[in-house]
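A.B. asks: Chain residues, written in single-letter form:
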Amino acid sequence: MAKRIDVSGLTAYYSAHKAIEDISMTVEPRSVTAFIGPSGCGKSTFLRTLNRMHEVTPGGRVEGKVMLDDENLYGSNVDPVAVRRTVGMVFQRPNPFPTMSIFDNVAAGLRLNGSYKKNQLADVVEKSLRGANLWNEVKDRLNKPGSGLSGGQQQRLCIARAIAVEPEVLLMDEPCSALDPISTLAIEDLIGELKERFTIVIVTHNMQQAARVSDRTAFFNLAAVGQPGRLIEIDETERIFANPSVQATEDYISGRFG
Amino acid sequence: MSQTAVQDRPAPVPPSPKSPLSSRALPRWAPVGFAAASIALGCGLGALAGWESRTQWGLVSALFFVLISYTVTSAVENKRQAKDRLATSVVWVCFILAVVPLLSLIWVTVSRGIKVLDTYFLTHSMAGVPGFEAGGGVYHAIIGTLEQVGLATVISVPIGLLTAVYLVEYGKGALAKAVTFFVDVMTGIPSIVAGLFILSIMLMFQLSPSGLMGALALAILMIPVVVRSTEEMLKLVPNELREAALALGVPKWRTIVKVVVPTALGGITTGVMLAVARIAGETAPIMLLVFGSQLINANPFEGAQSSLPFYIWEQYRVGSEASYDRAWAAALVLIAFVMLLNLVARGIARWKAPKTGR
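Order-wise, the sequence lines are chains A and B.
Residue 204 is where the first sequence starts when you use this note's numbering, and the numbers rise one by one after that.
Residue 1453 is where the second sequence starts when you use this note's numbering, and the numbers rise one by one after that.
The shape of chain A in the complex, shown without the other chains (with noise of 0.2 Å):
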């Protein structure tokens, strides 16, 4: 459980734009990793490069390298699918399954991938809405479909369905942009709990919720508009909001441009 993330100098594209250019990090295992910085500079681009969806977007190419511990995400025998049972998603909007309640939502993972024992699911579903702080909510109506739920429990429902594969690594895009505050405080209290078992990276817009929620921030900018995005800088949360080592960071921190 929880895999340490190496990055090193990755660069992707959509076709022939470069989105992003030149990425090296590491993202330590049992921590939280912001992703801040301008629209448009590449910070979802690069989620998703993690956990190669960024090449079902048509188009979407990658150069670089992604070590996952030891492995090679982007190694010439890795399948995808199986990199993206390791490496899990929560998307911006909240996307349950139309068709499906909300026990079968939270099931898909493991019915659709095929490997689970029918006996165990109910134990599965049950702990990984507890672990979404769901399961008091919806526990007298799993059989009700999950399109019905609030947006920001279908949220929680998102990533009580990523979190029920048991991936290593939980990547999250903007998870709370479309939700109220009190969901974004519910969501937020449960990525504190999530991160001790799971490796978590969020890319946010919301900078108090970056500082909040992560141990580790890092900046994206891009030159000019249609310049690729890059790494600015990446340290402590800490050392990030008090004290960054790059100008362009305390600028955008501080609010003077972006």
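Hints should not be assumed to be uniformly reliable.
As the list claims (entries may be wrong) - The calculated lysine-lysine pairs, modelled on DSSO-like cross-linking and capped at a C-alpha distance of 27 Å, are:
{"id": "1", "chain 1": "B", "residue 1": "LYS1710", "chain 2": "A", "residue 2": "LYS342"}
{"id": "2", "chain 1": "B", "residue 1": "LYS1687", "chain 2": "B", "residue 2": "LYS1629"}
{"id": "3", "chain 1": "B", "residue 1": "LYS1687", "chain 2": "A", "residue 2": "LYS321"}
{"id": "4", "chain 1": "A", "residue 1": "LYS321", "chain 2": "B", "residue 2": "LYS1629"}
{"id": "5", "chain 1": "A", "residue 1": "LYS320", "chain 2": "A", "residue 2": "LYS347"}
{"id": "6", "chain 1": "A", "residue 1": "LYS347", "chain 2": "A", "residue 2": "LYS321"}
As the list claims (entries may be wrong) - Listed below are several chain A residues computed to face chain B (Cβ distance under 8 Å; list not exhaustive):
{"id": "7", "residue": "VAL259"}
{"id": "8", "residue": "GLY263"}
{"id": "9", "residue": "GLY267"}
{"id": "10", "residue": "MET270"}
{"id": "11", "residue": "ALA285"}
{"id": "12", "residue": "ARG287"}
{"id": "13", "residue": "ARG288"}
{"id": "14", "residue": "THR302"}
{"id": "15", "residue": "GLY312"}
{"id": "16", "residue": "SER353"}
Everything labelled a hint here was simulated from the structure, so no lab data went into it.
The structure presented is a predicted model; accordingly, all values stated were derived computationally and were not measured.
Just so you know, even glycine gets a beta-carbon here, dropped at the ideal spot from N, CA and C.
Based on the hints, put chain B in the right spot on chain A.
C.D. replies: What follows is chain B alone, placed relative to chain A:
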């Protein structure tokens, strides 16, 4: 108590002409009034001028309705309201023009077809019944239609569904463009051409007419409709759902089978049912390939069969009072069959539609 009630009643405020937010308005029943007035005008004018055709009366009334709505509203209210009313009344007129033929068709079919439509008619064939005499039934034609349409569906739904999945989920480049182009071309194939195509194959291999041959021609007509409607439905499935499944480590083919297709299933079913409804009324390929028969033949793979559209044509051609009645009754059966399919499709679409669960 009554006193307070009286006191509570708000004093009527006279609409001030200077208020920018309120203005003179026609009463709510105004459109009904316009309709009554224009129908009266149209009929009066028709009667005066001695026009024979009632259609003419109706069209003139419709024209009056649009004109009266516009002029009265622009006089009483204002230009913008008048334009709004104009658009609304044009929409209503078009709706009525579209519905009147449909209703009259159903009315004529039901009123003429109901005469001989009974369980005897539904459960007997024309075996041994001379065409110009009363009696006989439509059973052999119902069996023929069910089997031919069923076979055509069994052939075309898998092909159409898989083609659509290929086009939406995998297809890119020249092959996908070519497939899309030929599906479009196939949509325009007249049924008689599809019939002739299968006929040429039938003659080449020296096969004899059978329900299966007709079903093959019907499948040619049905495939493009299924592909088109399925494609549109699959495109409506949000990309987020595909990504959600892929991010769980689900292989692409399972994502399609377990997430994408089930999400679109309601729409796909509706599309298939509409395609079935469309081919259920085809006569030309049946005449060429199934040959028609007076007898019950439940085996679609051997020997001539009948079908409902063919039966209607056959009975009409006989030209006697009794055969006309049978033709209308068969038409009623065909309409009921298609309508039943549509209802089933709606039921399935509602049942399978993504639920909100509130």
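A.B. asks: Which numbered conditions among the earlier hints are violated in the structure presented, ordered from lowest to highest?
C.D. replies: 3, 4, 8, 9, 10 and 16
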